[in-house]
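Engineer: Protein sequences, first through last, are from chains U and F. Each residue of the first sequence is one higher than the one before, counting from 94 in this note's numbering. Each residue of the second sequence is one higher than the one before, counting from 58 in this note's numbering.
Certain hints may be false.
Residues on chain F that point at chain U, a partial pick, calculated with CB under 8 Å [unchecked claim]:
#1 I171
#2 V194
#3 G196
#4 S198
#5 K201
#6 F208
#7 K245
#8 D248
#9 K280
#10 S284
Computed spacing ranges between beta-carbons, pair by pair [unchecked claim]:
#11 U:G133 with F:K59: 30 to 36 Å
#12 U:K176 with F:K59: 54 to 60 Å
#13 U:E193 with F:E270: 33 to 39 Å
#14 F:E98 with U:L137: 39 to 45 Å
#15 U:L141 with F:E267: 45 to 51 Å
#16 U:M175 with F:K186: 20 to 26 Å
In case anyone wonders, no lab produced these hints; they're calculated from the structure. Cβ atoms here follow ideal geometry from the backbone N, Cα and C, with glycine treated the same way.
Each chain, written out:
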Amino acid sequence: MTLNSVIETDFPEEFVEEMEKSQDALPEKIDANPENVEKGLAKLVLTLIELIRKLLEKQAMRRVEADSLSEEEIERVGETLMKLENKMKELKQIFGLKDEELNLNLGPLGDLM
Amino acid sequence: MKLYLYGIIDSSDQVKDSIYGLEGACVYNIPYCDIGAVISECTEPVQNNTKGNVLAHEEVVERLMGHFTVLPVRFHTVFDGRDNLLSMMQSYYKDFRDNLNRLRDKVEFGIKVIWPSDKIKEHITNTYKKNDKKVSVPGNSSNKRFMREKFEKYKLDEEFEKKADKFINVMDMFFSKFAAEKKLKKLKTEDLLLDVVYLVKKDDQDNFREAFEHIKGPHTSFKFLFSGPWPAYNFVILPKNSDLLEDSKQEDLFDKVVQHQELAGAEKI
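Bound-form chain F, shown alone (with noise of 0.2 Å):
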């Protein structure tokens, strides 16, 4: 027998609700001391990444989320029986534990923000024209036409990263107050200005969405996405050194699951 799992919880108590997940299979939970593995049991190999199962596995781990602290598992993580389930669990115990604890009473939500690049570039450059007549690099062989060429370029990405680095604290500063966590990566794209996941008290999740809306105001000529609340998909941590990595079916378990959120709440977003 199969099991599909969904995640793990702080909790060794079955679950109350009727939950079905994917296939329609009934939904429970595998105790293992005070956790327990939420799972529904499937017979053939599950097909992997349709948007059907995508979403029954998020459904099962919001439907949970609900009553405890959940730790969402990668989809489509299939374990060959109970034995092999459970020596898992014991093997991972205590950073489960850890993580359940630090993870109790959050969750996750996601900020990205695409700028006008074009305008901000263009803006820098007459800005630099204007400012900086002197020549950077004089002379006019190919090697200092070259020199100089790059320069400018070095100063303007220079500058773009300045003024994204500005914008990007403004709107952080804000959020963080409401933040237990963050995860942040900056100009993943010349557009995308911020991709951001913070890590919400489920207590300050409206003050959080307020801050969002205070900063979204203002700023006209960005563009925002805001998503969630997640569980805490990109908050779960392993040690590298765990046994669980030695294991190449496992491996994934709680690999950032961005395709599985983009799938659950929208197209491809």
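Only chain U is shown next, with the shape it has when bound in the complex (with noise of 0.2 Å):
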């Protein structure tokens, strides 16, 4: 027992299975060693493409949004995301990683998606 200090929760379970989940999601290093060097680099690579596709995905929605594309233009964007996200899931399936391991802990700037 520490002698001062408390932790109160009706719920310990699901704050563990949480807390858990979050860190499964973050990892602070790539973990690359001369075993896995392959899916390490895929993992750092495919997070920067997730990450440019997400942010060509957002900019897209905000045109939807504004109403700033032509239904030609939707049908090309639209063409355009749906193969990335193919080959993005193509990839990940090839390199056996998850969604959620596409990710980086950018220290005391948050994370990076």
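With the hints as a guide, bring both chains together as one complex.
Structural biologist: Take a look at the structure:
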């Protein structure tokens, strides 16, 4: 027992589960060593591509919201984003990476995504 | 002789209480100018992260908190002899002094909040469907359907974030009244709405706790975790360009000791 500090909650299991989930999602370091260097690098590269993909998607959604895309443009952007998403799914499968693994903890700046 | 470091204190005086640390060793202060490094001697490599050792470390830090301002150091910080320790103290004296001044008479409290994210999302979806009958992206080609789904998800996420901000702002407003500093993380997972640590003056502890009870009361569908008072684990600031960070052995001296807190108070909370 500690002396003064207390931890009070009626739901300890739920908090443990959520803390574990949040830690799994945010590796502080890229895990690259001779045995898994390929996966480590793929994770880094795919994380950056995923960031760019999400930025593109967000920008597209903002333009849809602002009604500044013609029907033809929506069609083209939709096709591009769909292909990009499918390609990412393929690459993640090839390197055995899950969505939540594609993130980086940037220390005081917070998380990349 | 290896020296196991528990923390830096704002005094060069000896620790008056008999405190026993890891391996039951006597804890004492090695003074440097007007501050000190509280250590115990250890001969063997300290077994990493056993619950007993983590609790022993935490207990020493908390005992020290009763008498001094403490900069708690990371669990398992060991120096190879007094000279190495004093050399580190010399390099960091000014930083330690600044932190000790800033953290004097303050303690850390942690609050975590889980909210019913499924219900919140369901509510947002229902409201969106009710209010926004206009199809956002007309057309039925696969590309347009894809864009429509993406747009609906985008709107859902946007509303979800807005709701999270709203709840967090209300809670934070109450807690911040009694806090000197805070470190707040929003939505670390979809369910974990808030994970925040506050630095609170010792005199404001009771008010802070009252504010927590006040917030907790009406939010019956939310789940709360309150912890503290802790040493200011999350509020020790060392400059990035400090020499300490170049020494790999001591690089993590003041890293967050979240795991440490987890083990100290409950199994893994």
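Engineer: Would you list, in rising numerical order, the hints stated earlier that this structure does not obey?
Structural biologist: Failing hints: none at all.
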